[in-house]
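No gaps in the numbering here: position 121 of the sequence shown is 142 in our numbering, and each next residue is one more.
It cannot be assumed that every hint is accurate.
Computed list of lysine to aspartate or glutamate pairs in EDC-like fashion (alpha-carbon distance at most 16 Å, straight line) [what the hints assert, rightly or not]: (1) Lys-88 x Asp-41; (2) Lys-162 x Glu-55; (3) Lys-90 x Asp-39; (4) Lys-173 x Glu-55; (5) Lys-43 x Asp-153; (6) Lys-71 x Asp-41; (7) Lys-51 x Glu-28; (8) Lys-156 x Asp-79; (9) Lys-61 x Asp-39; (10) Lys-85 x Asp-39; (11) Lys-90 x Glu-28; (12) Lys-36 x Asp-172; (13) Lys-148 x Glu-28; (14) Lys-101 x Asp-153; (15) Lys-61 x Asp-41; (16) Lys-173 x Asp-41.
For each label pair, taking beta carbons as the anchor points, the in silico distance ranges come out as [as the list claims (entries may be wrong)]: (17) Gly-120 x Asp-172: 40 to 46 Å; (18) Glu-55 x Val-82: 19 to 25 Å; (19) Val-176 x Ser-94: 33 to 39 Å; (20) Arg-50 x Gly-120: 30 to 36 Å; (21) Glu-74 x Thr-105: 20 to 26 Å; (22) Pro-72 x Lys-173: 18 to 24 Å.
Hints listed in this document are in silico derivations from the structure and should not be mistaken for laboratory results. Beta carbons are placed, not taken as given, at the ideal position from N, Cα and C, and that holds for glycine.
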Amino acid sequence: MALLNVEVRFPKGFKYADFDVKTLKSGLRKEGREIARVAKNLVRKKGVSKPDEYPGRDTGVLQKAIKPKPSRSGFSVVIKPWKTDQMGKDFYPAYVYYGHRGPRTRTAADNRRRKKTAGKKVAQPRKNFMVDATKQVGEEKIEGNLAQLMDKALVAKEISFK
């Protein structure tokens, strides 16, 4: 699925306790919001999209579902379309990204043999808007911002001896 995981790795010699997690989480959330904003703009075009285009917008549910979520530890952030109640029981961003076949194109015999599914895809896959959003923001810019963030989180940690 269209998923992006931004992760911070420790420089040699540093451990988890050396960094201020609150500073890291807020900085990663900020970076994630910037990438999510660009991704939302890529799926903003109204109407039905064609294969190898970015998904089109009808109700805006996919656009609203793209959000960054920092990990509990604070050293990574995941930016992706999250499942919402407006999507119903099916997570349709997966259908948009991978495409899908028509109903009842797979038989029980096909399931047993595990061969390639028969039938043409009704909807062809669309472009990966998350990866392209990262490229538009600039991978070097993101890496530079994360390096500054690590420096800030290291300085923010107050060390006291008692």
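Checked hints:
| no. | hint | in the structure |
| --- | --- | --- |
| 1 | Lys-88 x Asp-41 | 23 Å, violated |
| 2 | Lys-162 x Glu-55 | 11 Å, holds |
| 3 | Lys-90 x Asp-39 | 23 Å, violated |
| 4 | Lys-173 x Glu-55 | 19 Å, violated |
| 5 | Lys-43 x Asp-153 | 29 Å, violated |
| 6 | Lys-71 x Asp-41 | 46 Å, violated |
| 7 | Lys-51 x Glu-28 | 14 Å, holds |
| 8 | Lys-156 x Asp-79 | 25 Å, violated |
| 9 | Lys-61 x Asp-39 | 35 Å, violated |
| 10 | Lys-85 x Asp-39 | 36 Å, violated |
| 11 | Lys-90 x Glu-28 | 12 Å, holds |
| 12 | Lys-36 x Asp-172 | 14 Å, holds |
| 13 | Lys-148 x Glu-28 | 23 Å, violated |
| 14 | Lys-101 x Asp-153 | 13 Å, holds |
| 15 | Lys-61 x Asp-41 | 30 Å, violated |
| 16 | Lys-173 x Asp-41 | 9 Å, holds |
| 17 | Gly-120 x Asp-172: 40 to 46 Å | 43 Å, holds |
| 18 | Glu-55 x Val-82: 19 to 25 Å | 22 Å, holds |
| 19 | Val-176 x Ser-94: 33 to 39 Å | 20 Å, violated |
| 20 | Arg-50 x Gly-120: 30 to 36 Å | 32 Å, holds |
| 21 | Glu-74 x Thr-105: 20 to 26 Å | 23 Å, holds |
| 22 | Pro-72 x Lys-173: 18 to 24 Å | 43 Å, violated |
Figure legend: structure checked against the earlier numbered hints; hints not met, in rising order: 1, 3, 4, 5, 6, 8, 9, 10, 13, 15, 19 and 22.
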